[in-house]
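Once you've looked at the hints, dock chain B against the given chain A.
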Amino acid sequence: MSPEELRAVIDAAANASMEAYYWWATGIMVCIHAGFMMYEMGQSRVRNVLASGVKNILAFAFIIPTFFLFGWWLYWAYGTGNIFIPDASAEFAQYYVPWSDGMGPNLQDQASGVFWAAFVLFSATTASIVSGSVIERIRISSWIILATLVGSVVWIIAAGWGWSAGGWLVTDWGYHDVGAAGVVHMISGFFALGVLINLGPRVGRFNADGSANDLPGHSIPMTIAGLMIIIIGFFGFLGACLLYPAPMAGSTADAGWLTIYGGPATLSSFAFNTLMSFAGGIIGAYFITKDPFWMMSGALAGIFCAAAGLDLWYPGTAFALGFLGGVVIPYAHKMITSWGIDDAVGAVSVHGVCGLIGVLAVGVLLGGYPPLTEGGETISFTGQLVGAIAMGLGGFIPGYVVSWILNKCGILRTSDAVQQIGVDAEIPVAAYPENMQSRDYS
Amino acid sequence: MFDSSPIESWEGAGAVFNSAGGGNVWIWVVIAAALCIIPIISAIRHENEIENKHG
Numbered sequence: 008m009s010p011e012e013l014r015a016v017i018d019a020a021a022n023a024s025m026e027a028y029y030w031w032a033t034g035i036m037v038c039i040h041a042g043f044m045m046y047e048m049g050q051s052r053v054r055n056v057l058a059s060g061v062k063n064i065l066a067f068a069f070i071i072p073t074f075f076l077f078g079w080w081l082y083w084a085y086g087t088g089n090i091f092i093p094d095a096s097a098e099f100a101q102y103y104v105p106w107s108d109g110m111g112p113n114l115q116d117q118a119s120g121v122f123w124a125a126f127v128l129f130s131a132t133t134a135s136i137v138s139g140s141v142i143e144r145i146r147i148s149s150w151i152i153l154a155t156l157v158g159s160v161v162w163i164i165a166a167g168w169g170w171s172a173g174g175w176l177v178t179d180w181g182y183h184d185v186g187a188a189g190v191v192h193m194i195s196g197f198f199a200l201g202v203l204i205n206l207g208p209r210v211g212r213f214n215a216d217g218s219a220n221d222l223p224g225h226s227i228p229m230t231i232a233g234l235m236i237i238i239i240g241f242f243g244f245l246g247a248c249l250l251y252p253a254p255m256a257g258s259t260a261d262a263g264w265l266t267i268y269g270g271p272a273t274l275s276s277f278a279f280n281t282l283m284s285f286a287g288g289i290i291g292a293y294f295i296t297k298d299p300f301w302m303m304s305g306a307l308a309g310i311f312c313a314a315a316g317l318d319l320w321y322p323g324t325a326f327a328l329g330f331l332g333g334v335v336i337p338y339a340h341k342m343i344t345s346w347g348i349d350d351a352v353g354a355v356s357v358h359g360v361c362g363l364i365g366v367l368a369v370g371v372l373l374g375g376y377p378p379l380t381e382g383g384e385t386i387s388f389t390g391q392l393v394g395a396i397a398m399g400l401g402g403f404i405p406g407y408v409v410s411w412i413l414n415k416c417g418i419l420r421t422s423d424a425v426q427q428i429g430v431d432a433e434i435p436v437a438a439y440p441e442n443m444q445s446r447d448y449s
Numbered sequence: 004m005f006d007s008s009p010i011e012s013w014e015g016a017g018a019v020f021n022s023a024g025g026g027n028v029w030i031w032v033v034i035a036a037a038l039c040i041i042p043i044i045s046a047i048r049h050e051n052e053i054e055n056k057h058g
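Order-wise, the sequence lines are chains A and B.
Per the working numbering, the very first residue in the first sequence carries number 8; after that it's consecutive.
Per the working numbering, the very first residue in the second sequence carries number 4; after that it's consecutive.
Read the hints as simulated data drawn from the structure, not as lab findings.
It should be emphasised that the depicted structure is a prediction, and the values quoted were computed from it without experimental measurement.
Ideal Cβ positions, reconstructed from N, Cα and C, are used throughout, including at glycine.
Warning: the hint list may mix true and false statements.
Said to hold, decoys possible - Straight-line Cα separation of at most 16 Å, EDC-like style, residue types lysine to aspartate or glutamate; simulated pairs:
| # | chain 1 | residue 1 | chain 2 | residue 2 |
| --- | --- | --- | --- | --- |
| 1 | B | 56 | A | 433 |
| 2 | A | 341 | A | 298 |
| 3 | B | 56 | A | 423 |
| 4 | A | 341 | A | 221 |
To be verified - Partner residues are not named here, just some residues of chain A that face chain B (Cβ under 8 Å, in silico):
| # | residue |
| --- | --- |
| 5 | 72 |
| 6 | 105 |
| 7 | 106 |
| 8 | 108 |
| 9 | 147 |
| 10 | 371 |
| 11 | 422 |
| 12 | 424 |
If we strip away everything but chain A, and leave its shape as in the complex, we get:
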């Protein structure tokens, strides 16, 4: 076999391995949505169960075609350093317009479809994060618009800024966020906060004196099982945050695993730190609450507190960060509730606050790591702070503005009368045919 033939065999094997890796990572990520659906249905009262499920299914379904039509293009058009105006002349932005040869079956391109698919699942995750916070009173039509906005526009622009080797946060500030604590979790958490301000609380959530009533969901076991399934899905999510390119042409060196920024990493580092932060989050939440809802939310919170530096943490540090996340979330949720904001599942706390902790923790504890490119910036607290501000505002402002417009159009919120009988009035089938009754909280 000639060197050229050997090279061709190696390339073919590497491409097929890469294709298979992202195919299965994408499949595992579907568990995130199965889990979120169970979680949200469990947290809903009987009269709202199916509306919550339908809302979650539709978010997933609408993000897929809209991400095909413009989301994927946005990522590449914002990944060359632009902040506000997309760079339509960027090489890959031109390649990924929806009518190009790269956006469909192409025998010369084994990468585009599977990378697009992985990003679709990242996108759908951002919508699922927001989804739980607004259950039991948002109208499904408005929800589809907001889900498409966060999943196919907002987060992917943020990913171009801070989750791409050419993004301005990376090249100018050394922003480091390998597991998407900022670009996914902060964006989604703060987007949810913006929406919740305009959406208002569920009927019966707050009393006239401002004190809050608990509106417990109809199935805590379903909620807890859903949260565990989300965790399974996040192994696919975090695995898909790494790249394994074929060896470079003209070189025998194996590039190995790379982060989304092109820096060296190992899947083992993600394994150490994902599991340690997961465990820390559960234990931290148990320490504070003894409540299984917060314990499983703590598992997610723990991972998000460590996500930005999964490639670099000592596992003991990841465990401590996870513990911190588990401790913080019930207090953060209580504080948000005291502002009169009804976040039905604590998404702002778990994703927004813990994403913020994760981004800033990298600045505090991982400063000084060398830049990935010549002339680039090292990791620094200032860079992470700038990134955190960009992610917070980048999520909050579009969520607030668009939900304000939808509210003014009168299509954001289900009326109090329909909430009283249940949002499942919009669904043509019953969740529980045996006429299981819901408590009247009004």
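Relative to chain A, chain B alone:
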């Protein structure tokens, strides 16, 4: 539309989806966009009917 193959041989073929490289791809892009928008309008009308019935 009915003769949409972009290739005449599999040898060295690249993009093989129907209408690849041709003007007809635009039609499918527009159809896909419309199939996202129309159900949202349908959802708004359905919700308004429920609101009017119970509100």
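- Message: So, against the hints stated earlier in the document, which numbers end up violated here?
- Response: Violated hint: only 10; rest satisfied.
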